[in-house]
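Peer 1: Below, each chain spelled out in residue letters.
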Amino acid sequence: MVHYDKKTLERMIDGRLSWDELKPIISGRKDPNRFDIILEILQERVPWNEKIILPLHEHLHIVAKDGQRIVKCDCGHEFGDYRENWKTKCRVRVRDTVEEIEELYPKDMGSDPEWIELREYFCPGCFTLLDVESVPPGYPIIFNFLPDIDTFYEKWLGRKAPDK
Amino acid sequence: MKMGQSLGWNGKSLKEMLRESEKFFDETGRYYALDKLSLKEEDPFRFERNYASLRGALVTARETALHVAASPIVKEIGELCFALYTPEGDSIVVSTGILVHVHTMSEAVKFMIREDYEDDPGINKGDIFLNNDPACGNVHTTDVQTLIPIFWENELVGWAGGVTHQIDTGGITPGHDLVPAMQRFDDGVYYTCRKIGSNDRIWKDHLISARRSVRTPMYWELDEKCRLAGNLMIRDAVLEFIDREGIEYYKQFIREAIEEGRLVFQERVKERLIPGRYRAAAFMDMPQKNEAWQPRAKMDKVSNQPIEIIIKHDGKMSLSFDGASGPGPNCMNAEKGAMEGGQWVLLTQILIYADKVNDGAYFAVEKNYPEGSWCNPGDIYLSYQAPWGNLIPAYTGMMKSISYGLFSRGYREEVVAGYPFTGDAIQGGGIYSDGPLMGQRWSLSTFEISGQGFGASAVRDGVNWGYAMWNPESDLGDVETWELFQGGVPYLSRRVKPNLSGHGKYRGGANYEGVAMAAYSKDIDFFGAREGLAFHGSGGMHGGYPNATGYRLYAKNTNMAEIIKKREEYPLGDPDPRNGEFEQLLKGDITRKPYCSIYPITLDNYDLVYYFLSGGPGYGDPLEREVTQVIQDLNDGFYTRDIVNNVYGVVARYNNEKQEWDLDENATKARKEELKKGRMEKSMTFEEFWEKEKKKITDNKLSNPVKLMFSESLKLSKKWAKEFKEFWKLPKTFEMEVK
Chain A
1 MVHYDKKTLE RMIDGRLSWD ELKPIISGRK DPNRFDIILE ILQERVPWNE
51 KIILPLHEHL HIVAKDGQRI VKCDCGHEFG DYRENWKTKC RVRVRDTVEE
101 IEELYPKDMG SDPEWIELRE YFCPGCFTLL DVESVPPGYP IIFNFLPDID
151 TFYEKWLGRK APDK
Chain B
165 MKMGQSLGWN GKSLKEMLRE SEKFFDETGR YYALDKLSLK EEDPFRFERN
215 YASLRGALVT ARETALHVAA SPIVKEIGEL CFALYTPEGD SIVVSTGILV
265 HVHTMSEAVK FMIREDYEDD PGINKGDIFL NNDPACGNVH TTDVQTLIPI
315 FWENELVGWA GGVTHQIDTG GITPGHDLVP AMQRFDDGVY YTCRKIGSND
365 RIWKDHLISA RRSVRTPMYW ELDEKCRLAG NLMIRDAVLE FIDREGIEYY
415 KQFIREAIEE GRLVFQERVK ERLIPGRYRA AAFMDMPQKN EAWQPRAKMD
465 KVSNQPIEII IKHDGKMSLS FDGASGPGPN CMNAEKGAME GGQWVLLTQI
515 LIYADKVNDG AYFAVEKNYP EGSWCNPGDI YLSYQAPWGN LIPAYTGMMK
565 SISYGLFSRG YREEVVAGYP FTGDAIQGGG IYSDGPLMGQ RWSLSTFEIS
615 GQGFGASAVR DGVNWGYAMW NPESDLGDVE TWELFQGGVP YLSRRVKPNL
665 SGHGKYRGGA NYEGVAMAAY SKDIDFFGAR EGLAFHGSGG MHGGYPNATG
715 YRLYAKNTNM AEIIKKREEY PLGDPDPRNG EFEQLLKGDI TRKPYCSIYP
765 ITLDNYDLVY YFLSGGPGYG DPLEREVTQV IQDLNDGFYT RDIVNNVYGV
815 VARYNNEKQE WDLDENATKA RKEELKKGRM EKSMTFEEFW EKEKKKITDN
865 KLSNPVKLMF SESLKLSKKW AKEFKEFWKL PKTFEMEVK
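Just so you know, the protein sequences line up as chains A and B, in that order.
Using this note's numbering, you'd call the opening residue of the first sequence number 1 and step up by one each time.
Using this note's numbering, you'd call the opening residue of the second sequence number 165 and step up by one each time.
Hints are computed from structural coordinates only; laboratory data are not their basis.
Using N, Cα and C, we set each Cβ at its ideal position, and we do this for glycine too.
Check before you lean on any hint, since a few could be wrong.
Pair ranges (Cβ atoms, derived) [stated by the list, open to error]:
(1) B:LEU827 - A:LYS65: 35 to 45 Å
(2) A:ASN33 - B:LEU827: 31 to 41 Å
(3) B:HIS477 - A:ASN33: 17 to 27 Å
(4) A:ASN33 - B:ALA518: 31 to 41 Å
(5) B:ASN868 - A:ARG159: 53 to 63 Å
The calculated lysine to any residue pairs, modelled on SDA-like cross-linking and capped at a C-alpha distance of 20 Å, are [as the list claims (entries may be wrong)]:
(6) B:LYS883 - A:ILE142
(7) A:LYS87 - B:MET848
(8) B:LYS859 - A:PRO137
(9) A:LYS30 - B:MET848
(10) B:LYS840 - A:ASP74
(11) B:LYS757 - A:VAL98
(12) B:LYS453 - B:ARG756
(13) B:LYS860 - A:PRO137
(14) B:LYS836 - B:LYS856
(15) A:LYS30 - B:LYS434
(16) A:LYS51 - A:LYS164
(17) B:LYS476 - B:GLY193
(18) B:LYS856 - A:LYS51
(19) A:LYS30 - B:GLN513
(20) B:LYS359 - B:HIS370
(21) A:LYS87 - B:GLU890
(22) B:LYS434 - A:ARG29
(23) B:LYS176 - B:TYR196
(24) B:LYS480 - A:ASP148
(25) B:LYS889 - A:ILE142
(26) B:LYS757 - A:PRO113
(27) B:LYS903 - B:ILE861
(28) B:LYS882 - A:PHE143
(29) B:LYS480 - B:GLU535
(30) B:LYS453 - B:PRO493
(31) B:LYS476 - A:LYS51
(32) B:LYS686 - B:ILE595
(33) B:LYS893 - A:PRO140
(34) B:LYS889 - A:GLU84
(35) B:LYS200 - B:GLU186
(36) A:LYS23 - A:MET1
(37) A:LYS89 - B:LYS856
(38) B:LYS889 - A:GLU40
(39) B:LYS860 - A:GLU100
(40) A:LYS30 - A:GLU44
For reference, chain A alone in the conformation it holds in the complex (with noise of 0.2 Å):
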């Protein structure tokens, strides 16, 4: 069975594995305990004591407090239920203008905002930048993704998830 271990995986997190040492591990097979190093690696990491249920997003992570499982971002701030679209917590900045998408792409290399707007998310707690969607004017904000996760641990891992 693959295994890779503790200190490898903190290093892929962090982004610095080489080309060789990373290589194998995408091309390799893969090794079924990853979701819990990872979890566990995540954990030590944050720096309050919630349980972390799943890694949602880079910074984000579904965790269970008070009965309840709640997004929560590393520096601690709070977006609410899981179950609830976290964007809707967030502080957002709309570039609509030719200057403000210039800012960021050279003239002519960005959208024409008449026909697609930027938009930031960030985290009111640490104002890290948690997604761009890049969509017409009016869109409605975009639920990334609503997991699973009582399916998933019960039928997937064969076992509870660590709330219940």
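Once you've looked at the hints, dock chain B against the given chain A.
Peer 2: Chain B alone, transformed into the frame defined by chain A:
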């Protein structure tokens, strides 16, 4: 075979076999209702050895056959692939190559069966069938398929199929993705599952007709022979297999191989993803109002490409494009075969790249291509010449959705933010007016587009100039090879273009730009296709930004003849569009357009055209990118100083002595803090955003292309319309008015 004689197994017709196969699958959810893989269980080594022998035979067929072709697209880039199918048309094993077509040919076989080809025109040993009709299993007319039946005694035991991408198929303009096509009659020559040969020979009348139907007859004819040669090699391998293992073993084996493919897919999903609902939305701009010749095609539009993927408890996947906008008088309409092909080729890259790569994966995915939308228009008279324009961006949503699952499961090394459009697909053609080829036609159909910047992953930057969604064996190709068939526009340069990569903690892959000059020719057409006003697809991931968009630049009536004579400097690219080399170094009529898909223009000798390939989308917050990596990006020419200052907060100064960029640590620290502060000051609460954004709809502030997109999606999908109205708290009676 005689008329009326059944070709299927045990006296059944092919149609009966197909119906039976579909019935078994509908009733049991398993391929041919197989409840176990008997042959594999009895002797797994024999089973795997046999699968490998067929796989090897197909790869060998491809590697051999491509030397029959003359087209660099086939020979150099390998735009061909082969597959072996069951009598019902389900793929068992595939070669390497442009795998997008494995399931498309499957649909062509099923079309022939449903249309009773068994009776008329008949299916006989040695027959050859040709197809390039998207309405019965193809992506666009430029992909041409050859299929031959394989018989063992009097039973049809399979089909061998090969596909190559043509340089030209005789459409409204030269090229392979014809921007001006707006109806079927513009798409070029159509072969709708037509019999074109018997006794392993292509009929002369077909060859005569084909030579007169396309602009590059030599490439067409040799490509046909290439596909037939590969198919004949596959047929030999199958007959040798049956001779060795017995016909009963073969019949059971091919069904088990597909069922195993299906099971492998489900297990892979359970191994790597998380059950649940995934969503993304992608877009494509269609700026035709100022470009189209045809009055009906003169409209600007954004195409809506929403995707929803549900991963179920048993590892099955369902995929829906509900909410997709409508088709139109443009070349980007897509038929089912194209959609299946696009989906299948991506799944083979991100989930089922080992084990049994065959139609098992097709059977493991439920699909919804909404009727009346761009991905299922239901009108064969529309143009289907370049469905890639919708299909390529649309499936970025699938790659991103699957990446959400891979991330949550911990397999961050597999995460990909997406991929860019395979553009700039510059095309056209002309006639040599001088030199040894005088009078001959040349065609501009570069397949440099096979080498795009890949999306960043969750642990590293995207691959530079090395990815094409439709061909896992991506290759940019050599300039000298492209010039063999597009010699009327020789290259003046090819070099790295800055600022193409999508920003992020990990940036998207970088890419090249090029300048070419019309020469030694007359009657030259030129056009190109890719996104321009819309960011491609579904953009970046987890805080990463989309890659840069395309634009169009060319110069006519230039002084290049004089520049060459005087050996003066000429433009090698367009690194800074605000301060262009074209404008600085050339005299002439210089045109810049903010969009990239244009209808053909005519060129004269010494006119210059410019193009660039795409960078990949980025991953993660750019402020988290290591400053040393940003400095490296500057030294590699991937970004410019102003952009890294604005996006990454990195302040750098050029060291003339060392000829490289140095980091200003203190200024960088201050700039990063300034950007973070800017995030606080320039952002708003979600409630404020919602109010402001809603007003764009209710105060009629949306542009016409966007309103057209919304109006179509609202009409085509009740579910999408309901969610749209609920999100913005609009009345149930709300409709988007559009002129």
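Peer 1: Work down the list of hints and note, for each, if the structure agrees.
Peer 2: Hint check results:
no.	hint	verdict
1	B:LEU827 - A:LYS65: 35 to 45 Å	holds, 41 Å
2	A:ASN33 - B:LEU827: 31 to 41 Å	holds, 40 Å
3	B:HIS477 - A:ASN33: 17 to 27 Å	holds, 22 Å
4	A:ASN33 - B:ALA518: 31 to 41 Å	violated, 20 Å
5	B:ASN868 - A:ARG159: 53 to 63 Å	holds, 55 Å
6	B:LYS883 - A:ILE142	holds, 15 Å
7	A:LYS87 - B:MET848	holds, 12 Å
8	B:LYS859 - A:PRO137	holds, 10 Å
9	A:LYS30 - B:MET848	violated, 42 Å
10	B:LYS840 - A:ASP74	holds, 17 Å
11	B:LYS757 - A:VAL98	holds, 15 Å
12	B:LYS453 - B:ARG756	holds, 17 Å
13	B:LYS860 - A:PRO137	holds, 7 Å
14	B:LYS836 - B:LYS856	violated, 28 Å
15	A:LYS30 - B:LYS434	holds, 12 Å
16	A:LYS51 - A:LYS164	holds, 12 Å
17	B:LYS476 - B:GLY193	holds, 14 Å
18	B:LYS856 - A:LYS51	violated, 37 Å
19	A:LYS30 - B:GLN513	holds, 16 Å
20	B:LYS359 - B:HIS370	holds, 9 Å
21	A:LYS87 - B:GLU890	holds, 17 Å
22	B:LYS434 - A:ARG29	holds, 14 Å
23	B:LYS176 - B:TYR196	holds, 15 Å
24	B:LYS480 - A:ASP148	holds, 14 Å
25	B:LYS889 - A:ILE142	holds, 14 Å
26	B:LYS757 - A:PRO113	holds, 16 Å
27	B:LYS903 - B:ILE861	holds, 15 Å
28	B:LYS882 - A:PHE143	holds, 19 Å
29	B:LYS480 - B:GLU535	violated, 23 Å
30	B:LYS453 - B:PRO493	holds, 12 Å
31	B:LYS476 - A:LYS51	violated, 25 Å
32	B:LYS686 - B:ILE595	holds, 5 Å
33	B:LYS893 - A:PRO140	holds, 11 Å
34	B:LYS889 - A:GLU84	holds, 17 Å
35	B:LYS200 - B:GLU186	holds, 18 Å
36	A:LYS23 - A:MET1	holds, 18 Å
37	A:LYS89 - B:LYS856	holds, 16 Å
38	B:LYS889 - A:GLU40	violated, 42 Å
39	B:LYS860 - A:GLU100	holds, 18 Å
40	A:LYS30 - A:GLU44	violated, 23 Å
The structure is inconsistent with the numbered hints 4, 9, 14, 18, 29, 31, 38, 40, although it conforms to all the rest.
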